[in-house]
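Residue numbers (our numbering), protein chains in the order written: chain A, 1 to 270; chain B, 1 to 275; chain C, 1 to 102.
Derived by calculation from the structure, the hints in this document are not laboratory data.
By construction, the Cβ of each residue, glycine as well, lies at the ideal position given by its N, Cα and C atoms.
There's no promise every hint is true.
[Stated by the list, open to error] Computed spacing ranges between beta-carbons, pair by pair: (1) B/112 x A/28: 21 to 29 Å; (2) B/29 x A/254: 25 to 33 Å; (3) B/118 x A/24: 25 to 33 Å.
[Said to hold, decoys possible] Just so you have them, the derived chain C footprint on chain B, three or more residues with Cβ under 8 Å: (4) 85 to 99; (5) 204 to 213; (6) 232 to 245.
[As the list claims (entries may be wrong)] Some chain A residues well away from chain C (every beta-carbon gap over 10 Å; in silico): (7) 20; (8) 24; (9) 40; (10) 43; (11) 44; (12) 46; (13) 49; (14) 81; (15) 83; (16) 95; (17) 96; (18) 98; (19) 143; (20) 164; (21) 220; (22) 267.
Residue-level listing of the chains:
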Amino acid sequence: MSLSANPETSALELPELQLQELQRRFRASVLGEDDGPVLPLVAAARGPVAARIAVYRNTVQASLTEVLAVAFPVTRRVVGEQFFANLAGRFATETPPRLPQLSAYGGDFAAFIEREDVGRRLPYLADVARLEWARGEAYFAADAKPLDAARLAALSPAEMESTVFKWHPATRLTTSAFPIYRIWEVNQLDVADIPRVDMGLAQSVLVSRAGSRLVTRAVEPADAAFVRATAAGENLAEAASLALAVDAAFDLQRALGDHFINGTYQDWET
Amino acid sequence: MASFAGDPPGALPKAAWVEVHSENFLCDGGVRLAMLDAVAARYPVSCHGVGLSLGSAEGLDEQHLARLSRLFNRVGPALVSEHLSWSVTEGVYLNDLLPLPYTEATLATVCRNVMRAQDAFGRQILVENPSAYLSFPGSVMREPEFLARLAERTGCGLLLDINNVYVSATNNAFDAEDYLDSIPAAAVGEIHLAGHSVTGEGISRLLIDTHSARVCDPVWALFTATIARIGPRPTLIEWDLEIPELSVLLGEAAAAQSILDGKAQVNAPDAAHVA
Amino acid sequence: MIATAVIGAAVVAGAVTMSMVKTPSMETEAPGKEQCYGVAKAGENGCASANGSHTCGGLATIDKSGQEWMLVETGTCLKMGGQMEAFEDPKPAEAAKAARAG
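Using the sequences and the hints, build the whole thing.
Written as structure tokens, this is what we have:
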């Protein structure tokens with residue numbers, strides 16, 4: 001089932017398996033591996049045919065790099081445009097999309113960074129990329145009715161403590177040993193002078209959707225423990241206890257107020 | 001989602017209909033989908049797909065069909081279209097409209113895939129001719145013949161992209177007028193117009209379908225001749241990169257409209273300065 | 001177990017009741033950054049080809065073997081500090097994990 005290298009004999013009737021083989025070879029070429037196997041199958045009316053294949057290759061690779069640049073703007077700013085373009089280009093050829101929706105492309109980028117040299121030189125970078133991916137996921141997540149505080153307040157204390165808060169589909173918690181919120185914050189476009197950052201600070205970042213707004217905020221370790229406990233299905237009393245175990249000064253009232261404002265949780269079914 | 005068709009310049013939102021790329025709205029929720037809902041409540045929507053890969057030898061991705069079906073049920077599109085190209089092989093998505101050799105075997109594959117898509121969506125789809133940068137010596141028929149036979153065998157319609165015909169004709173040295181004359185008029189359900197960019201010189205000269213410029217004069221001429229032959233069709237100006245002032249885009253739309261109305265001669269782009 | 005629940009119940013009842021007073025509508029300004037930097041444009045599929053200027057450009061020849069500039073980050077990491085020398089005792093990557101909703 002291999003194709004003849006001579007187009008005149010290859011082609012009168014390309015059997016279906018051969019269409020698959022052609023597509024395989026074309027893929028290898030477009031992903032930058034090797035033009036050799038596909039060259040005998042294609043032709044240019046004038047000029048070198050390799051330049052024609054390059055149009056497809058460049059479209060695929062340039063658009064994937066652009067998609068990653070848009071999805072990871074802070075990661076890109078941290079390492080610089082040229083370095084990022086190279087990093088993204090290598091990721092794209094090694095890990096091309098599996099879904100024909102480019103909004104879903106880049107979920108493995110943080111893990112890729114971790115495996116690269118840059119992940120060792122800038123050990124916070126992979127977590128910054130995770131935070132950016134969490135924001136993208138939150139942006140496209142399903143809609144849900146936010147938790148109704150009035151409805152919650154109408155419960156008896158006993159009912160309240162046994163209530164399980166369910167994350168809104170857009171809620172994402174990214175926990176890092178590095179100050180990823182601070183890094184994200186100082187790399188926003190409206191921050192001109194990049195300050196030195198205390199890399200010894202560990203931060204958890206909660207991303208949520210409040211109405212049409214995407215909220216990105218640092219949360220204290222105790223609040224992060226609370227949010228994580230609710231994701232694990234702990235009820236309100238247990239989650240609060242876990243948070244208090246992290247920090248005896250945990251202010252549940254204030255934390256819940258922020259969660260209501262920012263849409264961390266969705267309403268529960270009755 | 002920024003492309004508008006048809007209507008002359010005037011009140012800003014007075015577009016006849018709106019076309020979106022289906023794959024950009026396959027998310028579960030959020031503001032992007034809400035925006036589409038708002039548009040769909042006001043305008044007829046055309047869902048133009050770029051990721052179904054009708055030319056995949058391995059057949060269509062059933063999960064992708066299901067996601068698209070869900071979107072179409074939500075939006076209720078007036079038109080659904082895709083491309084005569086492939087982008088998926090062995091589960092890898094190459095985000096471009098890759099070319100196909102035009103053989104009997106390819107025709108059988110594409111027919112099967114188009115019929116599967118039409119079954120899944122419960123409706124006719126339009127299939128668009130792509131821009132091509134190379135050809136296959138193994139092809140046994142011309143693209144318009146392939147499209148005509150595809151439409152005849154599957155009942156699909158055609159989305160005729162006249163800029164793509166011009167780009168492919170220039171790159172692959174065939175006659176664009178001859179191509180357009182071979183397209184069965186009754187199958188054409190929509191027309192695309194766009195600008196392209198030119199790269200290289202001499203034997204390296206190549207037209208690239210960048211949707212980044214005004215429609216060129218030869219494409220206006222081909223459009224005018226096509227409309228004269230087949231009658232008016234819903235027509236969209238695609239402009240995706242280096243997006244100009246809205247007035248320029250509206251001017252292009254007005255030029256297209258005057259040709260659709262039979263009021264313009266071959267060289268229409270002067271009308272693009274209106275507004 | 002019981003002690004935990006008691007602590008929890010007391011705290012929870014007070015917190016939720018009090019928070020009613022200031023429960024805002026979803027449109028109220030929230031603390032933290034809420035702008036959609038970059039996200040609104042995220043992940044757009046398209047049917048145009050990349051700009052023709054890419055055709056003969058470097059993207060056709062991504063050099064996987066490595067070049068000098070590949071090794072040097074030129075972005076804000078330099079200003080923020082935290083290059084490798086600042087991490088003589090780098091925290092293991094395993095410590096940094098992202099939790100996600102099911």
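Here's how the hints hold up against the structure:
1. Hint check: residue 112 of chain B to residue 28 of chain A, Cβ distance near 25 Å, so the stated range 21 to 29 Å holds.
2. Between residue 29 of chain B and residue 254 of chain A the CB atoms are about 29 Å apart, so this pair conforms to the stated range of 25 to 33 Å.
3. Evaluation of the 25 to 33 Å hint for residue 118 of chain B and residue 24 of chain A yields a pass: the beta carbon distance comes to about 27 Å.
4. For the segment 85 to 99 of chain B, the stated coverage by chain C holds: 3 residues have a C-beta nearer than 8 Å to a C-beta of that chain, and at least 3 were required.
5. Requiring three or more residues with a Cβ within less than 8 Å of a Cβ of chain C, the coverage given for the segment 204 to 213 of chain B holds, as 6 such residues are present.
6. For a cut-off of 8 Å, the count of residues in the segment 232 to 245 of chain B with a CB near a CB of chain C stands at 3, and the three-residue condition holds.
7. Taking the minimum C-beta to C-beta distance to chain C, about 24 Å, the non-interface status of residue 20 of chain A holds against the 10 Å cut.
8. Residue 24 of chain A, annotated as away from the interface, keeps every beta carbon of chain C farther than 10 Å; the closest lies near 20 Å.
9. The Cβ of residue 40 of chain A sits about 20 Å from the closest Cβ of chain C, beyond the 10 Å cut-off, so the non-interface label holds.
10. For residue 43 of chain A, the condition that its CB be more than 10 Å from all CB atoms of chain C holds, with the nearest at approximately 18 Å.
11. The non-interface label for residue 44 of chain A is consistent with chain C: the shortest C-beta to C-beta separation is roughly 13 Å, beyond 10 Å.
12. No Cβ of chain C approaches the Cβ of residue 46 of chain A within 10 Å, the least distance being about 15 Å, so the stated non-interface status holds.
13. The claim that residue 49 of chain A lies off the interface holds: its Cβ sits roughly 14 Å from the closest Cβ of chain C, which is beyond the 10 Å cut-off.
14. A Cβ of chain C approaches the Cβ of residue 81 of chain A within 10 Å, the least distance being about 8 Å, so the stated non-interface status is violated.
15. For residue 83 of chain A, the requirement that its beta carbon stay farther than 10 Å from each beta carbon of chain C is not met, with the minimum near 5 Å.
16. With a closest Cβ-Cβ approach of about 14 Å to chain C, residue 95 of chain A is found to remain outside the 10 Å limit, as its non-interface label requires.
17. For residue 96 of chain A, the shortest C-beta to C-beta distance to chain C comes to about 13 Å, beyond the 10 Å cut-off, and the non-interface label holds.
18. Consistency note on residue 98 of chain A: stated as away from chain C, and its beta-carbon is indeed over 10 Å from all of that chain's, at 14 Å minimum.
19. Every beta carbon of chain C lies more than 10 Å from that of residue 143 of chain A, the smallest distance being close to 12 Å; the non-interface claim holds.
20. Taking the minimum C-beta to C-beta distance to chain C, about 12 Å, the non-interface status of residue 164 of chain A holds against the 10 Å cut.
21. Here residue 220 of chain A stays apart from chain C, with its beta-carbon at least about 13 Å from theirs, past the 10 Å limit.
22. Non-interface status of residue 267 of chain A relative to chain C is upheld: no Cβ of that chain comes within 10 Å, the nearest being about 12 Å off.
When held up to the earlier numbered hints, the structure conflicts with 14, 15 and fits the remainder.
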